[in-house]
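Go ahead and model the full structure; you've got the sequences and the hints to work with.
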Amino acid sequence: MDFFFVVFFLIQFIRKRLNTHVSLPEWDKKLLLARYTAIGLLSAFYILNESAFVHWLWYPFVLYILYIIYNEKDFESIRATVQSLFPFIIVGFLGDFFKLVAPTQYREYHDYFDVAKAFSFLWMLALWYNFQKQQKVLDKEREEQKRKDEENEAKKTSLEYLVAERTQELTIQTIELQRALDELKATQNQLVQSEKMASLGELTAGIAHEIQNPLNFVNNFSEVSVELCQELEEEINKTEIPAADKEYIAGIISDLSQNQQKITHHGKRADSIVKGMLQHSRASSGTKEPTDINALADEYMRLAYHGLRAKDKEFNATLTTDFDPTIGKIEVLPQDLGRVFLNLFTNAFYAVAEKKRVNKNNPAFANYKPEVKIITKLFGGKLYIRVADNGTGMPESVKSKIFQPFFTTKPTGQGTGLGLSMSYDIITKSHDGILDVSSTAGEGTEFKITLPVS
Amino acid sequence: MKFENRILLYMKILVVDDEPDVKALFEQRFRREIRNGEFEFSFAFSGEDAIEFLDVHASEIVMILSDINMPGMSGIELLKTIRKDHPMAPPIVMMITAYGDTDNYEQAMKLGADDFLTKPVNFTELKQKLQERYEG
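Just so you know, the sequences run in chain order A and B.
At position 322 of the first sequence the residue is numbered 322 (the working numbering), and the sequence of numbers has no breaks.
One rule links them: number in the working numbering = place in the second sequence (from 1) + 1000.
Simulated from the structure, these hints should not be mistaken for lab results.
Just so you know, even glycine gets a beta-carbon here, dropped at the ideal spot from N, CA and C.
Any given hint might turn out to be false.
Capping the alpha-carbon separation at 20 Å, the derived lysine to aspartate or glutamate pairs in EDC-like fashion look like this [to be verified]: (1) A:K117 x A:E210; (2) A:K288 x B:D1103; (3) B:K1023 x B:E1125; (4) A:K377 x A:E299; (5) A:K275 x B:D1103; (6) A:K373 x A:E443; (7) A:K360 x A:E299; (8) A:K268 x B:D1103; (9) A:K448 x A:E371; (10) B:K1119 x A:D271; (11) B:K1023 x A:E227; (12) B:K1119 x A:E231; (13) A:K275 x B:D1085; (14) A:K369 x A:D312; (15) B:K1110 x B:D1085; (16) B:K1127 x A:E227; (17) A:K410 x A:E396; (18) A:K373 x A:E446; (19) B:K1127 x A:E443; (20) A:K429 x B:D1101.
Covered stretches of chain B, as calculated for chain A (at least 3 residues, CB under 8 Å) [what the hints assert, rightly or not]: (21) 1025-1038; (22) 1087-1095.
Listed below in structure tokens is the structure:
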């Protein structure tokens, strides 16, 4: 009876303390089995008239349980508590042993044994109670520790969150700074470029001014010399010198006259270059007025196309227009912007015509279709104009020089090299815009104009 | 007196330009007109020269052709002086402006220039203009 309670509560204690139901399901089953065994033993004891044999079976059973507890690592934490069982078991065993070997003497002393057993039982209970109390304190501490851990965990999480937030802020700042730096670099390049263009433009205009006067004399004197030659011929015809001599003199005069005409012709050529140069410095004539950019672009596209067609009847190109109908009218210098359009389109048509001419006998280009495109788009307070062609394109070395005055890839006499330089001035200076170019040699070129719209 | 009357049939023109070659150019360009006695040219090679010349010959000169960009006194200043010193019987003043020089053009216009020529001077046009003034 006493062993049953001890074993029953021991098993209950183990299951509760170690929470075997959850953490050690295998052992839980065995413990339940042990409980049923204990119940079985108790039942057998009473059914068999308080059989001494059954009573003795408790000892191997209890010893087995203790053996398991002391040999399995899983039960390490409860060994100390289990120790409290020892005195009770030893006293019980000594009493039963004495009863077995000397039943008569036992009867005489069995009161002492009962008292000892009772004391050992109390001892056990006291120890258990004590352990239980200590356990409660420990649990409380553990709870406290757990709470602190959780607090720390929460603090750690919030700190980590703060760190992550700060890191992200810094990353964003770095990206923004990098972008600002890139923008600054780009602006610096643009400034250097426009400064270079401006000084070149001034130099150009200065040279033009200086050349203009002497050139005027060349032209005027050569023109007047042609007139003089005519007069001279008339005067010679009035004299009476032999016809052969007259003819000889007439020949010389004719040569002289032709030379003068050549001087005039080339002088006029130089003059048109000088005029182009002077347009650089010329304070823009006219004022800004609301202009239909689409109509202006279309007009000059056709003008440039027919200009080229007049020279080369075989030339053909597709004109593609992609106009933004929402542009409305924009304040620009229509004549100047028209000049820019004319330059860009003339170049575009020249590029496609060149590509066709160069590859005339190349079967790979049999299907080449020259195309010049104009796209306008109003977006975010800015007007974007693109003039694109699928012509010869240009290598980087050419691209970097196209806005310089006098740079041309056209044969002598066909281009002054002032068109794009002037266009650049008109867009950047007169309109505060941007003129940009992208090109791939052999593929085509695209000019991009960006104009601020007030 | 007879002689002076005959002078009035000429059109006396003063050409003001700092380039000495202008003289040769005009004389050759207007060879026929000069020989036919239609025009008579005088030349001054600076604004100061022109003023000096006008002090003596003011009444004779009918027309002045002046360049604007000259060292010393500019054509604009010359025009101003002429309009101030010779308000009576004012000569016709034609200014020669450089190509695209709108500033000087407007200034000369304001100061009372009668006509303008742009460089390089188109002599056919100039001849026509002079002929019109001569006949009118």
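Legend entry - Restraint check for K1119 (chain B) with D271 (chain A), where alpha carbons must lie at most 20 Å apart: holds, 11 Å
Legend entry - Proposed proximity, E231 (chain A) with K1119 (chain B) (alpha carbon, max 20 Å): This hinted pair is violated, its Cα atoms lying about 26 Å apart.
Legend entry - Pair hint outcome, K268 (chain A) versus D1103 (chain B) [Cα-Cα no greater than 20 Å]: violated, 25 Å
Inset, instruction - Could you grab the alpha-carbon distance between K369 (chain A) and D312 (chain A) and see if it respects the 20 Å cut-off? - result: holds, 16 Å
Legend entry - Restraint check for K1023 (chain B) with E1125 (chain B), where alpha carbons must lie at most 20 Å apart: With a Cα-Cα distance of about 18 Å, the restraint between K1023 (chain B) and E1125 (chain B) holds, given a limit of 20 Å.
Legend entry - Given hint E210 (chain A) paired with K117 (chain A) - CA-CA distance at most 20 Å: violated, 135 Å
Inset, instruction - Tell me if chain A covers the segment 1087-1095 of chain B under the three-residue, 8 Å CB rule, please? - result: Contact hint for the segment 1087-1095 of chain B vs chain A: violated, 0 residues under 8 Å.
Legend entry - Given hint E227 (chain A) paired with K1127 (chain B) - CA-CA distance at most 20 Å: Since the Cα atoms of K1127 (chain B) and E227 (chain A) sit roughly 14 Å apart, the hinted pair holds (cutoff 20 Å).
Inset, instruction - For the pair we were handed, K448 (chain A) and E371 (chain A), check the Cα-Cα distance against 20 Å. - result: Given pair K448 (chain A), E371 (chain A) holds - Cα atoms ~17 Å apart, limit 20 Å.
Legend entry - K1023 (chain B) paired with E227 (chain A) [C-alpha distance capped at 20 Å]: With Cα atoms ~17 Å apart, K1023 (chain B) and E227 (chain A) stay inside 20 Å; holds.
Legend entry - Given pair status - D1085 (chain B), K1110 (chain B), alpha carbons within 20 Å: holds, 17 Å
Inset, instruction - Take the C-alpha atoms of K275 (chain A) and D1085 (chain B), compute the straight-line distance between them, and say whether it is at most 20 Å. - result: violated, 37 Å
Hints 1, 7, 8, 12, 13, 19, 22 from the list above are not met by this structure, while the remaining hints are.
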